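Place chain F on chain X using the hints.
The chain contents come next:
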Amino acid sequence: MSRRLPLVPENTEPLPSLKENQGMLAWVSSVDHKQIGLMYLMVTMVFFVVGGLEALLMRIQLSQPEFNFISPEVYNQLFTMHGTTMIFFVVMPFLIGVGVYLVPLMIGARDMAFPRLNALSFWLVVFGGILIYYSFLTQSGAPDMGWFAYSPLSEKPFSLNKGPTYWALGLLATGISSVASGLNNIVTILTMRTPGMTMRRIPLFVWMILVTSFLLIFVIPIIASAFAMMLLDRLLEATFFTPAHGGSAILWQHFFWGFGHPEVYILILPAFGIISEVIPVFSRKPIFGYEFVAGSTVAIGLLSLGVWAHHMFAVGLGDVTNLYFSLASMLIAIPTGVKVLNWVATMWGGKIIFATPMLFATAFIIEFVMGGITGVAIASVPIDWVVTDSYFIVAHFHYVLYGGSMFAIFAGVYYWFPKFTGRMMSETLGKWHFWLTIIGFNMTFFVQHFLGVMGMPRRIYTYQDFPYWGSMNLISTIGAVVLALSVLVFMWNVHVSRKRGKKAGNNPWDAWTLEWAAASPPAVHNFDLVPPVRGRRPLWDLAHPEQPDEPNAKVVD
Amino acid sequence: MEILQLFNAGWSFEPWALVFASVLVGAYLLGVGTRLNRHSVLYMSGVLVMLFALVSPLDYLGRHYLFSAHMIQHILLLLIVPLLLLFGIPKSTAEKLLKIEPIGKMMRVLSYPPVAWFLGVGAMWVWHMPSIHDMALNNNSLYITQLVSFVLIGMIFWWPVFTPIENRRLNPLTGTLYLASACLGCTILGMLITFAGAGLYTAYINPVDSAGLLALIRNDLCITPGVDQQIGGLTMWVPGCLIYLSASMITLAQWYGAPDEGVSAARQEAA
Chain X
1 MSRRLPLVPE NTEPLPSLKE NQGMLAWVSS VDHKQIGLMY LMVTMVFFVV GGLEALLMRI
61 QLSQPEFNFI SPEVYNQLFT MHGTTMIFFV VMPFLIGVGV YLVPLMIGAR DMAFPRLNAL
121 SFWLVVFGGI LIYYSFLTQS GAPDMGWFAY SPLSEKPFSL NKGPTYWALG LLATGISSVA
181 SGLNNIVTIL TMRTPGMTMR RIPLFVWMIL VTSFLLIFVI PIIASAFAMM LLDRLLEATF
241 FTPAHGGSAI LWQHFFWGFG HPEVYILILP AFGIISEVIP VFSRKPIFGY EFVAGSTVAI
301 GLLSLGVWAH HMFAVGLGDV TNLYFSLASM LIAIPTGVKV LNWVATMWGG KIIFATPMLF
361 ATAFIIEFVM GGITGVAIAS VPIDWVVTDS YFIVAHFHYV LYGGSMFAIF AGVYYWFPKF
421 TGRMMSETLG KWHFWLTIIG FNMTFFVQHF LGVMGMPRRI YTYQDFPYWG SMNLISTIGA
481 VVLALSVLVF MWNVHVSRKR GKKAGNNPWD AWTLEWAAAS PPAVHNFDLV PPVRGRRPLW
541 DLAHPEQPDE PNAKVVD
Chain F
1001 MEILQLFNAG WSFEPWALVF ASVLVGAYLL GVGTRLNRHS VLYMSGVLVM LFALVSPLDY
1061 LGRHYLFSAH MIQHILLLLI VPLLLLFGIP KSTAEKLLKI EPIGKMMRVL SYPPVAWFLG
1121 VGAMWVWHMP SIHDMALNNN SLYITQLVSF VLIGMIFWWP VFTPIENRRL NPLTGTLYLA
1181 SACLGCTILG MLITFAGAGL YTAYINPVDS AGLLALIRND LCITPGVDQQ IGGLTMWVPG
1241 CLIYLSASMI TLAQWYGAPD EGVSAARQEA A
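So the protein lines, in turn, are chains X and F.
Under the numbering used here, the first residue of the first sequence carries the number 1, and numbering increases by one thereafter.
Under the numbering used here, the first residue of the second sequence carries the number 1001, and numbering increases by one thereafter.
Be aware that one or more of the hints could be misleading.
[Unchecked claim] Have a look at the derived ranges for each label pair, beta carbon to beta carbon:
1) F:Met-1135 x X:Ala-314: 32 to 42 Å
2) X:Gly-349 x F:Ile-1250: 24 to 34 Å
3) F:Ile-1165 x X:Met-330: 31 to 41 Å
4) X:Tyr-150 x F:Asn-1219: 30 to 40 Å
5) F:Leu-1152 x X:Lys-351: 52 to 62 Å
6) X:Glu-550 x F:Ile-1250: 21 to 31 Å
7) F:Tyr-1143 x X:Tyr-150: 37 to 47 Å
8) X:Gly-246 x F:Gly-1122: 26 to 36 Å
9) F:Tyr-1112 x X:Lys-156: 42 to 52 Å
10) F:Ile-1100 x X:Arg-110: 44 to 54 Å
[Unchecked claim] Here are some chain F residues the structure puts well away from chain X; computed CB gaps all over 10 Å:
11) Asn-1008
12) Met-1106
13) Pro-1130
14) His-1133
15) Thr-1145
16) Gly-1212
17) Leu-1214
18) Ala-1215
In short, the hints are calculated from the structure, not lab data.
Only a predicted model underlies this, so the values are computations on that prediction, with no experimental measurement involved.
Using N, Cα and C, we set each Cβ at its ideal position, and we do this for glycine too.
So that you can see chain X by itself, here it is in the shape it has in the complex:
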């Protein structure tokens, strides 16, 4: 399958090695989008392991009723840090990082529009993360008020420790980083496309990153100002969120979910983009209904801005408010369903190759649809009232975020690893990783649906010995251990393949988007000569001049 394009020469400038003289400096001072992208991926991997260990400790504590493995105080800190880490320091920076690496390559550009801003975004995430984790070393420990930090719990009289202050400061830094990378992406995509790469031909991954970036610059300022207000409350005795002094605790919830719900789509839209790249290549067919996938993304982006109050059905906003938000939330199922149909229709009748990226992409569709269906169910107010704050919700959003975003992330890593490093990942280890993930993931989270309906609340450090609760929790914990094992296999695979993997060549998957025309790994300047773009699949057109996607397209020099 490795067929090299004559246009692009072999890469003679490999990425700098740490062992060289000034190797470390070459990374730290880098403004190259590929190096920054890789650093994003490495840092998120570290945070992924840390956040995963926190989850594992929680699962061990819950493995049997009235277990005394960790104290309630530590448990509270663990679930707060687990949620914060996975959202802000794993999924978000990973997707932004993959975008930073791939967007310029996919549109045939030399780098991002603002390379230094790009580096700033990355280092702000790193230091934001360090700041938050530093709180573990303070006397009073890490933040313990949940990743949603509801006031008044996060306010001074209820959280006298320093954790929440570190939390708000660290997340403020990453918020600035997100807005900066959003702007950087938008300018890059709008202004730096190679001739012929019209907005109607950009790869769907780039399109999703564009919509996500607009969401970032619309909604991150909401939460960033809320963090600033929270800091004012905690440090300067302001009372924005303390009702006793004329503030409003509900206001925090509005700010938090006004950001928090679009955030869910910030976490899933780029994942949709990855899936929309992987599925056509491994089905050997162009994507079915490019226009619908692109258009429905805009619809999801716009709808996501106006549905946050479905996180607040139990607050008491009134029946009318609940009704409207319930209806609006259910509407999101339509554009999302359109996408699922498009992916399935792309696979339909294709010559499907079940390499590891495709396995994860296929599983993504199944697991994500399950999370989506429970999502539509809890958009209905009466059902939400029954299961809110129970393990049903935990199961729902893990199906969306692990079964959705993380599965897509794994698919993306297996798919683009040859581009990142020049070597293939091991398929054998990849299949082990995949099947362990499927077993571990479903074992961990599927039973939690039942636990939730049976009434087990979230965020409790232990529970009484009710019928079946102990055994179901034990199943869930064993699943979590299997899931942890699968991550170990994955990391081992990355480690081994980076050094000894099969040489990949430029285009091991016989894919069609521009990044595969660059060398693997790409030279510092990406392309010597960008292949001509006359359609949505430039490398297909190049390899099959007799059968181009758009036969009438004008040749752009």
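Only chain F this time, still in chain X's reference frame:
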């Protein structure tokens, strides 16, 4: 039965509404002609929806009892009616109209996207300032001005995105941004009204019960002033936003449906 009572009350065939509608119809018959086609059907349905909003109980309730009824009327007049009217004007008529010096000059200024955007979103914000809204309810000519301005400003707002002269429309991506930001503008206002707490618009707290409907509304339908205001705010927010959203979907669909710039250029070269 109870709902029917609301429908029977307050059909108000006020002369100004009928005059406004007949002016619109007359202008169309003179300017475009009497042929029955897609354009004229869209235009006339726009006029009919407008008449419905102006003379049906919706108007009466919105003026005397319910803020939410006013908001539905408002959405119809500002977002739906102008769109139908605009789709009803054929390209040739619009071109002829713009050639008339004062109209063309005026429209060049008004349809400049930032101006049109601020007029469209501004109309919503200004007319819903509580003091101005209460003033309009007590002053007949101001009330008429409000409703007529909804229709006219609505047409100016939609003009950059859906002008009948297709090659003058905003680039679809810019158009989507234009609509999305307008949606954000009305979302924020809807949010403020929804969560402000009851009694923002004083006229609706204790309305003069001129038609004897208050007991029905308050006791049987359980619409308290607070609930009424929430329905109003949410109507502006959710269905209002959905209209902007559907419009951006239409612009995107037209964009993808039209031949690519590169393709059309190649065809021209070949021909």
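Hint by hint, here is what the structure shows:
1. F:Met-1135 x X:Ala-314: 32 to 42 Å: With Cβ atoms ~40 Å apart, the hint holds.
2. X:Gly-349 x F:Ile-1250: 24 to 34 Å: holds, 31 Å
3. F:Ile-1165 x X:Met-330: 31 to 41 Å: At 38 Å between Cβs, range holds.
4. X:Tyr-150 x F:Asn-1219: 30 to 40 Å: holds, 37 Å
5. F:Leu-1152 x X:Lys-351: 52 to 62 Å: Roughly 58 Å apart at Cβ, these two residues keep to the hinted range, so it holds.
6. X:Glu-550 x F:Ile-1250: 21 to 31 Å: holds, 24 Å
7. F:Tyr-1143 x X:Tyr-150: 37 to 47 Å: Once the Cβ atoms are compared, 44 Å apart, the range 37 to 47 Å for X:Tyr-150 and F:Tyr-1143 holds.
8. X:Gly-246 x F:Gly-1122: 26 to 36 Å: Taking Cβ atoms as reference, X:Gly-246 and F:Gly-1122 lie about 32 Å apart, which means the hint holds.
9. F:Tyr-1112 x X:Lys-156: 42 to 52 Å: Since the Cβ atoms of F:Tyr-1112 and X:Lys-156 sit about 51 Å apart, the hinted range of 42 to 52 Å holds.
10. F:Ile-1100 x X:Arg-110: 44 to 54 Å: Holds - the Cβ-Cβ distance for F:Ile-1100 and X:Arg-110, about 51 Å, lies within 44 to 54 Å.
11. Asn-1008: F:Asn-1008 is indeed farther than 10 Å from all Cβ atoms of chain X, at 25 Å.
12. Met-1106: holds, 32 Å
13. Pro-1130: Fine: 20 Å to the nearest Cβ keeps F:Pro-1130 off the interface.
14. His-1133: holds, 20 Å
15. Thr-1145: holds, 30 Å
16. Gly-1212: holds, 25 Å
17. Leu-1214: holds, 19 Å
18. Ala-1215: For F:Ala-1215, whose nearest Cβ neighbour in chain X is about 21 Å away, the distance exceeds 10 Å, so it holds.
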